[in-house]
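Visitor: Below are the chains, spelled out letter by letter.
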Amino acid sequence: MEAVAEELRQIAPAKLAVENVSKRFHTGQGITHALDEVSLQITEGEFVCLVGPSGCGKSTLLNIIAGLEEPDSGQVLSDGKPISEPGRDRMMMFQESALFPWLDVLGNVMFGLRLKPNLNDKERREVARFYLKLVGLEKSTRSNIHELSGGMKQRVALARALAPNPRVLLMDEPFAALDAMTREQLYGDIQTIWQARKKTILFVTHNVREAACLGDRVVLFSPHPGRIREEFRIDLPRPRDINSVELAGYSSAITRALKNYVSEEVAE
Amino acid sequence: MKRLIASAIFFLALLGVWHALVLAKIWSPVLLPDPKLVGGYLLDAAKDGTLLQATLVTMKRLLLGYAIGIVIGLPLGLVTARFKFAEDTIGVLALGLQTLPSVCWVPLALIWFGQTEVAMLFVVIMGTLWSVIIATDNGVRNVPPIYARAARTMGAKPLYTLIRVVFPASLPFIVSGMKQGWAFAWRSLMAAEIYVTILTGFGLGHLLHYGRELNAMDQVIGVMFVIVVIGLLADKILFSPWERFLHRRWGTGKV
Ligand SMILES: Nc1ncnc2c1ncn2[C@@H]1O[C@H](COP(=O)(O)OP(=O)(O)OP(=O)(O)O)[C@@H](O)[C@H]1O
Ligand SMILES: [Mg+2]
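Heads up: the sequence lines are chains A and B, in that order. According to the working numbering, the first sequence is numbered sequentially starting from 1. According to the working numbering, the second sequence is numbered sequentially starting from 269.
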């Protein structure tokens, strides 16, 4: 029996396994415990949302998974192998705009493709056009970045992250700066892309409804030190309507839990 | 078109004022020749080839020295921005020497290299190099780190990031540094050409110098005019396209 269980575990390892990750930052003001013994398992094809107050280490965790930063202790495994550097299997959409102003829209999306061997330039252009079409920007391929609206910029960033065909997408508050209409449109788009292209997505947001609408699971963080406090599994069929009553039930439960942590912190 | 007409009217008016001043005979015509005389000199000098010859000699020195200065300066600037050791050595040297007016290199160049083309080249390189190093260094330091991080997640290695991300991201700084380097090089070359005779080629500076020796004010003003025109053309041909590109891409330049 034991052997069988072991065997089963090996066949379906977590796509991403965060194991006891801690990270401290030393600054002039002292030491910040950005992450404290954080563990999180994410299976292939899962959509996981991270929610928590500002400064609880969500971006830091994403950076560590992306391979841009190293944890002080603990490790992150991707397909069972420890992550030590960035890789094209994990693409990141940053909290702030990271589009390159010296390239036009197409150039930005092609940047990651240029680093992929065994593609010629024509193929790269085709792939980039495909993803720009997917995010609804086929008409703006030659635009300069500063000519785009905030929502269009996020779409370009999404296309750029998707273009190298990563299996994991790390998205750090990608839609925070957008109006509700555009956001709802993008919720639909991201779910379609996620299902059609079989991605594993880790999605950071401050918007509880957004998290409940998108995630299979919503993971709650609390700050100082940054820890995972609670997890909510969202058992709703897809595609989900962000304005549905069932979803509202989930989001009010999550909001209540969040408020608890904040008042706890104030009490301390 | 409207702007062109405005320019044309302005410069014609300037000529008119000049001509009027000559007619008023406030200064002797030796000191202030009529615009027609200057035009006549320019025409003659253009016809017999002295002007073209001198321009070619000067431009060759300038462009060659400038190119060398940039080819050396760009990588050095990247290096000083990236490595503490380079910053403390080459960086400090560049900062110091950049404050030195580039004309001050002329005496040293003459002692080291004699009255040769190499001396001229050296002066131009010294005029260009330090500005380019400092501008590149400054540009690289001002690149938002998020660009390099984004590139790394897309699989860019450090060298690739330096060439394809850090370098283009600092272009606005680099281009203005190159422009400054050009101005320094151009000024110091003129000073050097006026100051010393190089037998392997008479440049525009020499023409200016001999204009003075011969008390030929029409030649002096004519050559000055050519020097101004070259400066303007260099700006329009060498830098304007870059600046337009940068403004278009970055969305800057409009208020
Ligand atoms: N490079 C850094 N140097 C020093 N402190 C840092 C650094 N990066 C993050 N921190 C600190 O670590 C903590 C967690 O930061 P992080 O950016 O991960 O928070 P976050 O959960 O993403 O917050 P937000 O929701 O506001 O984006 C914060 O207190 C922050 O000040
Ligand atoms: Mg953050």
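It is worth saying that the hints were derived from the structure and are not from the lab. C-beta: ideal position from N, C-alpha, C; glycine also. Do not take every clue at face value.
As the list claims (entries may be wrong) - Here chain B is said to cover these stretches of chain A; the calculated rule only asks that three of the stretch's residues, wherever they fall, bring their Cβ under 8 Å from a Cβ of chain B:
#: 1; segment: 144-153
#: 2; segment: 217-228
As the list claims (entries may be wrong) - Restricting the straight-line Cα-Cα distance to at most 27 Å, the calculated cross-link-like pairs of lysine-lysine (DSSO-like) are:
#: 3; chain 1: A; residue 1: K153; chain 2: A; residue 2: K133
#: 4; chain 1: A; residue 1: K81; chain 2: A; residue 2: K133
#: 5; chain 1: A; residue 1: K153; chain 2: B; residue 2: K447
#: 6; chain 1: A; residue 1: K139; chain 2: B; residue 2: K352
#: 7; chain 1: B; residue 1: K328; chain 2: B; residue 2: K315
#: 8; chain 1: A; residue 1: K116; chain 2: A; residue 2: K133
#: 9; chain 1: A; residue 1: K116; chain 2: B; residue 2: K425
#: 10; chain 1: B; residue 1: K425; chain 2: A; residue 2: K122
#: 11; chain 1: B; residue 1: K304; chain 2: B; residue 2: K352
#: 12; chain 1: A; residue 1: K139; chain 2: A; residue 2: K122
#: 13; chain 1: B; residue 1: K328; chain 2: B; residue 2: K425
#: 14; chain 1: A; residue 1: K153; chain 2: B; residue 2: K522
#: 15; chain 1: A; residue 1: K81; chain 2: A; residue 2: K259
#: 16; chain 1: B; residue 1: K447; chain 2: B; residue 2: K315
#: 17; chain 1: A; residue 1: K81; chain 2: B; residue 2: K447
#: 18; chain 1: A; residue 1: K153; chain 2: A; residue 2: K116
#: 19; chain 1: A; residue 1: K139; chain 2: A; residue 2: K81
#: 20; chain 1: B; residue 1: K304; chain 2: B; residue 2: K315
Claimed, not checked - Some chain A residues judged to face chain B by a derived CB distance under 8 Å, without partners named:
#: 21; residue: A66
#: 22; residue: P82
#: 23; residue: E246
#: 24; residue: V262
Visitor: Hint by hint, which ones does this structure get wrong, listed from lowest number up?
Guide: 2, 4, 5, 6, 11, 13, 15, 16, 17, 19, 22, 23 and 24
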